[in-house]
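Listed here are the chains, written in short residue letters.
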Amino acid sequence: MSYVNFVKQMISRDLQIAATQKHEFGLPILFFVLVVILFPITLGPEGTQLAHLAPAVGWIALILSMLIALPRMFVEDYENGWLEQLFLSGQPHILIVLARIISFWLLYSLPLVVSSFLLVPFLTLPLELWFVLVQTLLCGSILIACIGSVASALLVASRKGSGVMALLVVPLLIPALIFATAAMDAAQMSLPYTSPLMILLALSVFALTITPLATAQALKLNLG
Amino acid sequence: MVKQIDCGSIRCQDILTIQIYSLLSAKQLTCIRNQRVLFENLSFSVQSGQLMYLTGPNGAGKSTLLRSLVGLHQLQQGNIELSQEPIEDCGADILFIGHKAAVNEWLSARQNIEHWFGLKDQIVDPQQLINKVGLAGLADIPVRFLSAGQKRRVALVRLWASDAKLWVLDEPFTSIDVTGVSVLNQLFERHKKQGGIVIATSHQALPESLVDVTLNLEYRF
Chain A
499 MSYVNFVKQM ISRDLQIAAT QKHEFGLPIL FFVLVVILFP ITLGPEGTQL
549 AHLAPAVGWI ALILSMLIAL PRMFVEDYEN GWLEQLFLSG QPHILIVLAR
599 IISFWLLYSL PLVVSSFLLV PFLTLPLELW FVLVQTLLCG SILIACIGSV
649 ASALLVASRK GSGVMALLVV PLLIPALIFA TAAMDAAQMS LPYTSPLMIL
699 LALSVFALTI TPLATAQALK LNLG
Chain B
55 MVKQIDCGSI RCQDILTIQI YSLLSAKQLT CIRNQRVLFE NLSFSVQSGQ
105 LMYLTGPNGA GKSTLLRSLV GLHQLQQGNI ELSQEPIEDC GADILFIGHK
155 AAVNEWLSAR QNIEHWFGLK DQIVDPQQLI NKVGLAGLAD IPVRFLSAGQ
205 KRRVALVRLW ASDAKLWVLD EPFTSIDVTG VSVLNQLFER HKKQGGIVIA
255 TSHQALPESL VDVTLNLEYR F
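Chains as they are written, first to last, in our numbering: chain A, 499 to 722; chain B, 55 to 275.
Calculated from the structure, these hints are not laboratory results. A few of these clues could be false.
Capping the alpha-carbon separation at 25 Å, the derived lysine-lysine pairs in BS3-like fashion look like this [unchecked claim]:
# : chain 1 : residue 1 : chain 2 : residue 2
1 : B       : Lys246    : B       : Lys186
2 : B       : Lys246    : B       : Lys81
3 : B       : Lys186    : B       : Lys205
4 : B       : Lys205    : B       : Lys154
5 : A       : Lys718    : A       : Lys506
6 : A       : Lys520    : B       : Lys205
7 : B       : Lys154    : B       : Lys186
8 : B       : Lys81     : A       : Lys718
9 : A       : Lys718    : B       : Lys154
Label-pair distances were calculated between CB atoms; the ranges are [stated by the list, open to error]:
#  : chain 1 : residue 1 : chain 2 : residue 2 : range
10 : A       : Ala664    : B       : Pro196    : 29 to 37 Å
11 : B       : Ser99     : A       : Glu577    : 27 to 35 Å
12 : B       : Pro261    : A       : Tyr501    : 38 to 46 Å
13 : B       : Asp175    : A       : Arg657    : 29 to 37 Å
14 : B       : His127    : A       : Val618    : 51 to 59 Å
Where is the CB? At the ideal position from N, CA and C, for every residue including glycine.
Using the sequences provided together with the hints, build the complete structure.
This is how it looks when you write it as structure tokens:
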């Protein structure tokens, strides 16, 4: 079986399972929406202040919502034995992980990035700034999914993973946050924001290349 | 009776041509878990057409040995080869059904079957297989609504159409009824005739005519 077909098959299986568990799948999105709604209520209706905070709110809400979903990345397949079968299938282990990262990103990150549009009406974020924010969130969500996959694989056998998950993942996201903030600041002052955005993109591409190796190894250790 | 386990259109010819002669050899296996030696310098070999019956009390290391045999567990020492190739490279030749049967409870039996055989790049007719294991009419409801025995039957569907040389089965008879057990025994017999290897553990005795090699693991302190 060609690698492309294998990845396609894995992703379609993940989507099929997600379709049977819609409640689990909707939870991070609802959480994201709640966080975004809470800010204007607690801070008051002052427009300029809200618009200034909007990018930060978007990023923090994205990280927290993804932290809810991350522990579930491998747990179900680890517990029902499907992961064992995948590791025995003779396909490269990196490919197994990569397919899972892609389907996780499609299911849990992309909807969050799209729902960041809520910042425009709720926090009076100007539309042109939202376009910049979406670009940083797209790069950032790939990075979170990659780094999170390592943590998720390490914690797959422990049931109390979510607290430790935050401790493992969040510190590693600080560089990404710095560049995302730099890009947003530049955009707010109508300066060119491409270079910090490019560095952010480079970070996520780097993570996408390196982390599947670590994730596959961590899963193998947990299966042994 | 032979009709009952006839694999029908499911690549029967492929099965016959693929499985010529194979040999599983394990040399000097040593496993230490939680500072307890499960087995030490264990060597054995199983040939084409043989069934190895692994016995021993709970905690003796049967499951660990089976997982090592398919390359899922890293042993402290020893090497395992299937037809002179390291077992890690033989994924496609192995059918492993462990305690965790790889059944996703949210999906239907049909979907589970499609995914298993899709993984091996094998085309099967799920409906036909489901009928064979006596689950006709239950193909499209999520597996979590089935009974324990029916779930196990879904997992064991893979035995009907598998073209793997080596079957490694951890407690295949769990929750299976009497007729199911006899059908499974016939499947083992057929697999042996086709030149395959079966390695199984069971707390329920296997018929003597079926067992070629018995390996008894003792509980060591």
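Now the hints, each set against the structure:
| no. | hint | verdict |
| --- | --- | --- |
| 1 | B/Lys246 <-> B/Lys186 | holds (20 Å) |
| 2 | B/Lys246 <-> B/Lys81 | holds (23 Å) |
| 3 | B/Lys186 <-> B/Lys205 | holds (14 Å) |
| 4 | B/Lys205 <-> B/Lys154 | holds (11 Å) |
| 5 | A/Lys718 <-> A/Lys506 | holds (22 Å) |
| 6 | A/Lys520 <-> B/Lys205 | holds (23 Å) |
| 7 | B/Lys154 <-> B/Lys186 | holds (22 Å) |
| 8 | B/Lys81 <-> A/Lys718 | holds (23 Å) |
| 9 | A/Lys718 <-> B/Lys154 | holds (16 Å) |
| 10 | A/Ala664 <-> B/Pro196: 29 to 37 Å | holds (32 Å) |
| 11 | B/Ser99 <-> A/Glu577: 27 to 35 Å | holds (34 Å) |
| 12 | B/Pro261 <-> A/Tyr501: 38 to 46 Å | holds (44 Å) |
| 13 | B/Asp175 <-> A/Arg657: 29 to 37 Å | holds (35 Å) |
| 14 | B/His127 <-> A/Val618: 51 to 59 Å | holds (53 Å) |
Going down the numbered hints, you'll see the structure goes against none, and every one checks out.
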